[in-house]
Amino acid sequence: MPHKEATGDFVWAHKDCVNTVDRSAITAQNQAMQDQSNRMLPYDDRGWSALPSVWGGMGATAFLGLAALTTHLTLGLLPEPTGLFLFFAAVLLSAVRFGFWIGIASAFAAFAAFNFLFVLPLYTFRIAHPGDLVVLAEFLLVAGLTGFLAGRLREEADAAKGRAAVLEVLSSFASELAEAHDLAAIEHALSAHLAALALGPSVVLRPTDEVLQITAAFPVEASLDEASLDAADMQAADRAFRRRSTQDSTQPGWQGARFAFVPLVQNDTVVLVLGHHSLNRQRSDLRYREQAIEVICHQGNLAIERMGLAKAADEARITADRESLRASLLTSLSHDLRTPLATILGAITSLRELGDTLPPEARADLQLAIEEEAQRLSRYVDNLLQMTRMQAGLSLRLVWVDPGDVVAAAVARAARAFPTAQITVAGADLPMIRAEAALLEQALFNLIDNAVKFSAKPALVDIACAASTAEVTLTVTDHGPGIAPEAINHIFTPFFRANPAAPGTGLGLTICQGLVQALGGSLTAESPVQGMRGSALHIRLPLPTGPAR
Amino acid sequence: MTGRPLILIVDDEPQIQRFLGHALAASGYDTCFAATGQEGLTLAATSDPAAMILDLGLPDLNGKAVIERLRASSDIPIIVLSAHDQEMEKIMALDLGANDFVAKPFGIGELLARLRACLRQASRAPAGDSIRHGGLLIDLPAHSVTMGGQPLRLTPKEFDLLVTLARNPGRVLTHRQLLLQVWGPAHGEDVPYLRVFIGQLRQKIEAEPSQPKFIQTEPGVGYRWGGSD
Numbered sequence: 001m002p003h004k005e006a007t008g009d010f011v012w013a014h015k016d017c018v019n020t021v022d023r024s025a026i027t028a029q030n031q032a033m034q035d036q037s038n039r040m041l042p043y044d045d046r047g048w049s050a051l052p053s054v055w056g057g058m059g060a061t062a063f064l065g066l067a068a069l070t071t072h073l074t075l076g077l078l079p080e081p082t083g084l085f086l087f088f089a090a091v092l093l094s095a096v097r098f099g100f101w102i103g104i105a106s107a108f109a110a111f112a113a114f115n116f117l118f119v120l121p122l123y124t125f126r127i128a129h130p131g132d133l134v135v136l137a138e139f140l141l142v143a144g145l146t147g148f149l150a151g152r153l154r155e156e157a158d159a160a161k162g163r164a165a166v167l168e169v170l171s172s173f174a175s176e177l178a179e180a181h182d183l184a185a186i187e188h189a190l191s192a193h194l195a196a197l198a199l200g201p202s203v204v205l206r207p208t209d210e211v212l213q214i215t216a217a218f219p220v221e222a223s224l225d226e227a228s229l230d231a232a233d234m235q236a237a238d239r240a241f242r243r244r245s246t247q248d249s250t251q252p253g254w255q256g257a258r259f260a261f262v263p264l265v266q267n268d269t270v271v272l273v274l275g276h277h278s279l280n281r282q283r284s285d286l287r288y289r290e291q292a293i294e295v296i297c298h299q300g301n302l303a304i305e306r307m308g309l310a311k312a313a314d315e316a317r318i319t320a321d322r323e324s325l326r327a328s329l330l331t332s333l334s335h336d337l338r339t340p341l342a343t344i345l346g347a348i349t350s351l352r353e354l355g356d357t358l359p360p361e362a363r364a365d366l367q368l369a370i371e372e373e374a375q376r377l378s379r380y381v382d383n384l385l386q387m388t389r390m391q392a393g394l395s396l397r398l399v400w401v402d403p404g405d406v407v408a409a410a411v412a413r414a415a416r417a418f419p420t421a422q423i424t425v426a427g428a429d430l431p432m433i434r435a436e437a438a439l440l441e442q443a444l445f446n447l448i449d450n451a452v453k454f455s456a457k458p459a460l461v462d463i464a465c466a467a468s469t470a471e472v473t474l475t476v477t478d479h480g481p482g483i484a485p486e487a488i489n490h491i492f493t494p495f496f497r498a499n500p501a502a503p504g505t506g507l508g509l510t511i512c513q514g515l516v517q518a519l520g521g522s523l524t525a526e527s528p529v530q531g532m533r534g535s536a537l538h539i540r541l542p543l544p545t546g547p548a549r
Numbered sequence: 001m002t003g004r005p006l007i008l009i010v011d012d013e014p015q016i017q018r019f020l021g022h023a024l025a026a027s028g029y030d031t032c033f034a035a036t037g038q039e040g041l042t043l044a045a046t047s048d049p050a051a052m053i054l055d056l057g058l059p060d061l062n063g064k065a066v067i068e069r070l071r072a073s074s075d076i077p078i079i080v081l082s083a084h085d086q087e088m089e090k091i092m093a094l095d096l097g098a099n100d101f102v103a104k105p106f107g108i109g110e111l112l113a114r115l116r117a118c119l120r121q122a123s124r125a126p127a128g129d130s131i132r133h134g135g136l137l138i139d140l141p142a143h144s145v146t147m148g149g150q151p152l153r154l155t156p157k158e159f160d161l162l163v164t165l166a167r168n169p170g171r172v173l174t175h176r177q178l179l180l181q182v183w184g185p186a187h188g189e190d191v192p193y194l195r196v197f198i199g200q201l202r203q204k205i206e207a208e209p210s211q212p213k214f215i216q217t218e219p220g221v222g223y224r225w226g227g228s229d
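Each protein sequence line maps, in turn, to chains A and B.
Counting from 1, one number per residue, gives the positions in the first sequence under this note's numbering.
Counting from 1, one number per residue, gives the positions in the second sequence under this note's numbering.
This is chain A alone, in the form it adopts within the complex (with noise of 0.2 Å):
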């Protein structure tokens, strides 16, 4: 597994046990970031004065070994200074790769062994010359200043790795975090940068009813499960949670836990604990680490408040739509039902009262009203119910229907309701289409109604029947003033009135709309269509492609 390498120091406990979270996911969304976190770990971050490796020793005792016995292949044949470069050349290689201490270690061994084995006398360490020394303390002066160099050299140079690296994951955090649209999104971007910065597993727990859970955590399949977070882990968690601080397991006193511990807090409540491999505190970025895990919890914080804050935002113009409707709703059966029912109570109560002094014609008005207006109100609760229905989620019983038999319904019930109209049909007989006939006679009648309503008496309505190969086009036209261009996007809008001054409900288009769509048609405005007036309304209601009528 190639980040238990990137991890290294310590193992994980598996266990097979049952997750609230849904692993596979969880994986699918880390397996980029596990790549590219094992792309920038590990590296090399030893100090110049870091101590010396077996490794080390042994490259440097291959060096000296290698200046020894090329010196003595060449003795006689190249100048007697030559040996001692080589030597010189020797000791500056193991400071550079090896670091300072080797540098210094093989420093003495090679004047040693140039002392040992070229200079007179032979095979004793005896120094003959004064001279020697002075070889010996440059040997030390180049093996320790260029080791000491070599390490400044490789550590500014880890460092920079380091922060690009570091870089790296915060600006991938970010991109991340950008395109995160739930709080699980956001806690995968955080455990899995985490990881990157901390160089070691990290975890996300939320609270949900005062207790922890684990609700993200990298590398996956490694601490999904609460027995990975061991006991004094969890402990830690705990606390970082209820003392809203963060947690470190490096700090003095604390002992057992391998996390620290980050508590996200907003408002005073802590919406995540986010648990990482504590850094080792010998590490030459350590402070960069720290700020950039610092980064993270700030920006994730940020993050999952603007989503909370763009939920609360949503959730609350959905309640005011839906309020708005409600309102809406309620203002049009309070005004719909009862000026129908105060005028067929008001006349009812008049016959009775007053039926001796009205005179015969009053008498009649007053009969008349109280047949209209027990219409009205039997309309309106067609309308009502319509809708509830279609609110409800309408369930269609389609059968064959000829459309030319529901327009004439629908006009005879139309003839009815405004004895005063004049209602022309036009057409052709018309294929036969999958519908529900009543459903198709509402929405025409509707139409109609809404025609009647705003022309000048008497009103003339004309219905039109056309057909293509595709589809039957139902258009009721009327003569009246036409709609206003700015209404005409809002008609079929719930409760929108062209005319708030005119009688209606603003139901009856909305409602024909929605019928009409259920049985897979459309209706469209349009207007005006004769010079400067009238209106025409399409029903346009698809053929059936299946086998013919």
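These are calculated hints, taken from the structure and not from any lab test.
Glycine included, each C-beta is placed from N, C-alpha and C at the ideal position.
Careful, some of the hints might be misleading.
According to the in silico footprint, chain A covers these stretches of chain B (three or more CB under 8 Å from chain A) [unchecked claim]:
no., segment
1, 20-33
2, 98-107
Computed spacing ranges between beta-carbons, pair by pair [what the hints assert, rightly or not]:
no., chain 1, residue 1, chain 2, residue 2, range
3, B, Asn-62, A, Thr-388, 28 to 34 Å
4, A, Ala-364, B, Asp-75, 35 to 41 Å
5, B, Asp-75, A, Phe-495, 55 to 61 Å
6, B, Gly-220, A, Glu-305, 43 to 49 Å
Take the given structure of chain A and dock chain B to it, following the hints.
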């Protein structure tokens, strides 16, 4: 003028105008109609109606605005037609000076009764030295009240409250109106306080305090002096 009182009906619903026209005509009134508040104010100024029937839900002016403007120049009786979901509107209309209200939908008898009460109240001369209702006699200069000849002992506030109510027979006085008039501007919202005084007053003047005849309750709105009927 035919001698029949002219009633101005301000309502935007043609159907309501229609049956009210027939019913009022048959009950001995002349009628004129306005569909908007502005039109109603104009008609009230030009045609000198005896009373106004005003729908609170008008398309242009709020019904309250109509009352406010009308009250600046006239004190003809105003009967407000209100809906059940317009409780606050109704109370505010009464506070502004409407005389009475009828909730929609209503029977014509109810409206006619309210109309008659308002017109009678309007035609009555301004209160004199005493008010008499049934066995109740209120002597204003003497600050004394007798019931069937028996003197009643009322506190000054109870007396003021009784006089305020009795001077407006048939008219709905809102809690606020009563509190302002009897206790002053600092007590406009002390409805529970008012209720206590009404209870005490009923104990003293009503034969059956649980079924009051003089001081009738309009729930949530105020009280009405019923002693005149």
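Outcome of the hint check:
{"no.": "1", "hint": "20-33", "result": "holds (count 6)"}
{"no.": "2", "hint": "98-107", "result": "holds (count 4)"}
{"no.": "3", "hint": "Asn-62/B - Thr-388/A: 28 to 34 Å", "result": "32 Å, holds"}
{"no.": "4", "hint": "Ala-364/A - Asp-75/B: 35 to 41 Å", "result": "39 Å, holds"}
{"no.": "5", "hint": "Asp-75/B - Phe-495/A: 55 to 61 Å", "result": "39 Å, violated"}
{"no.": "6", "hint": "Gly-220/B - Glu-305/A: 43 to 49 Å", "result": "45 Å, holds"}
In summary, the structure is inconsistent with hint 5 from the numbered list given earlier, while agreeing with all the others.
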